[in-house]
Amino acid sequence: MSVKSEILALFKEVASEQQRTLAPLSNGLGLLESGLDSLCFAIIVARLEDRLGLDPFNAIEDDGFPVTVGDFIKLYENAAPGDVAA
Amino acid sequence: MSQREPVSLWQRLSEAGTLADRWLRGAEASVNLAALSRGSSLGAPVDELRGASVMVAARDQLPAALALIELDGIARRIVLCPPDLPQEHLASVIATAEVDVVVGDRCISGVARFVRCTPDITPAHRIGRASERTEWVLLTSGTTGVPKLVAHNLCSLSSAMAGRGPLGAGPLGAKAVWSTFYDMRRYGGLQIFLRAMLGGGSMVLSSAQEPVTDFLGRAGAHGVTHVSGTPSHWRRALMSRSSHKMAPRYVRLSGEIADQAILDHLHAAYPDADIAHAFASTEAGVAFDVGDGFAGFPASYIGRPGDVAMRVADGSLRIRSGRNALGYLGDEASSLVETDGFVDTGDMVELRDGRYHFVGRRGGIINIGGLKVHPEEVEAAINRHPSVHMSLVKARRNPITGAIVVADVVVKSRIAAAHKTDALKREILEVCRGALARHKVPATINFVSALDVGASGKLMRDHA
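Chains as they are written, first to last, in my numbering: chain A, 15 to 100; chain B, 32 to 495.
Among the hints, erroneous ones may be present.
[To be verified] These stretches of chain B come out as covered by chain A in the derived footprint (C-beta under 8 Å, 3 or more residues):
no., region
1, 431 to 439
2, 465 to 476
[Said to hold, decoys possible] Pulled from the structure, derived: some chain B residues nowhere near chain A, Cβ distances all over 10 Å:
no., residue
3, SER45
4, ASP136
5, ALA300
6, GLY334
7, GLY400
8, VAL484
9, LYS489
10, ARG492
Everything labelled a hint here was simulated from the structure, so no lab data went into it.
Since the structure is predicted, the reported quantities are computational estimates derived from the model, not experimental observations.
All C-beta atoms in this analysis are idealised placements derived from N, C-alpha and C, irrespective of residue type, glycine included.
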């Protein structure tokens, strides 16, 4: 599974667990408009660390915090080894 | 304090029951208590230790138990050194407690005087007449830093045994064979040793070197009737497949939160036993027992008449009783009690449906984006799943909420590896969601084969 599809699947998984209505996901969708709250993202980040072995938030510059779904995916793709990010 | 002559442990245990019928049984040797009326376990005349500050630092429990019986009423102070005390703390404990003599089963270098104690009773002077109201010093079981030295005496240690019921002396006590998974140099284990000795019974001592399966077999072979341990000790025992080798009439839990799952498991394993969980700490002493089979304790315990006063302030349980420790040793020791004599246990409680439930330690709180979580309350929820044997909940750093709850889970041995799946994780999380606020539900679950239990019998926690 690619990083992107792993992330999108996790968005749906966590939304379902947390009984949240997920907005249709697109790169341009703001994270805060997705229907997920901070706790949902905290869970997603923790599970991505387990599943992908990536914790890219550690390396974020001050202005680089992801704002959209696309930013979020790119953050993980950039942190992943090249062959995984395909 | 009483103005009368001090009454020693030896005098009290001799009057509690026929010595010839009573045994202290270790993993490698047993001693009939009558032997102590004719001889000594010590390698020096006990009168040479009169008035001294003595550290009992044996590796094995049996020689330590014998030394305690011989030294109470003789020594000015007895320091009970647990076998796992880190070497680097030994010197500071000796200095703080002004130790004159170390008694042990193997030589310890660098001490002023060493006296050997062994389970081989040699004909010697009989135990002398009590002249001292001996101070008993216990070490706290924190896993970091220098342990605190907590002072008690035989009176504060044993006053919980004066009452009726399965713990008091009396007809039942005389035939009781006590045992505990605890080391008897710790408060929980010492309580059981004293109950056995002062109640007129016998005791089977555990051994750190002995596999739990062997210990359970030995306990069963000696007909144990009363057994105590922490919930972690009991979970390990139930996991061993040898739990059926003993058939105790009384099962006691203390030292950690007894959740409903472990109480139910023990009831299923020992259907004929009275199962009680007790609240006690080295500093506060024994506060109460709960024997109704439910986790937590009735709210009516707070403010009830009796010799133990309890209150809840700032969320934590406070206790004042004659069983409280006398104080800490050492110049820099903080005060053990508040101005009105209550000990703050640091154990946080919550009132739900007429019962107080323990939710965790004050220092162990996880902060999830400003919301508090006690790991133990999450573990109690996880442990309700029928496939779960035990669990450890901890904080993981998280860039969104500061921290997030994660759990290591040990599933029951009958659960095949093929079933340790994401589906089982989802089921466990479902149980948690039904019982906990959403920020308390673990973000991830990790299946592990075992969890570390420390020498104190408690789950190892990073913050401890």
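Here is how each hint holds up against the structure:
Remark: the region 431 to 439 of chain B is confirmed as covered by chain A, as 4 of its residues place a Cβ nearer than 8 Å to a Cβ of that chain, reaching the required three. For the region 465 to 476 of chain B, the stated coverage by chain A is satisfied: 4 residues place a CB nearer than 8 Å to a CB of that chain, which reaches the threshold of 3. Residue placement check: SER45 of chain B keeps its beta carbon more than 10 Å from all beta carbons of chain A (closest about 61 Å). Once the 10 Å rule is applied to beta carbons, ASP136 of chain B is consistent with being away from chain A; the minimum gap is 47 Å.
Even its closest Cβ contact with chain A, about 34 Å, leaves ALA300 of chain B beyond 10 Å, as expected for a residue assigned away from the interface. For GLY334 of chain B, the non-interface assignment is confirmed: its Cβ lies about 38 Å from the closest Cβ of chain A, beyond the 10 Å cut-off. A beta-carbon of chain A is positioned within 10 Å of the beta-carbon of GLY400 of chain B; the least distance is around 6 Å. Every Cβ of chain A is farther than 10 Å from the Cβ of VAL484 of chain B; the closest lies at roughly 25 Å, confirming the non-interface assignment.
Every beta carbon of chain A lies more than 10 Å from that of LYS489 of chain B, the smallest distance being close to 26 Å; the non-interface claim holds. At roughly 19 Å from the closest C-beta of chain A, the C-beta of ARG492 of chain B stays outside 10 Å, upholding its exclusion from the interface.
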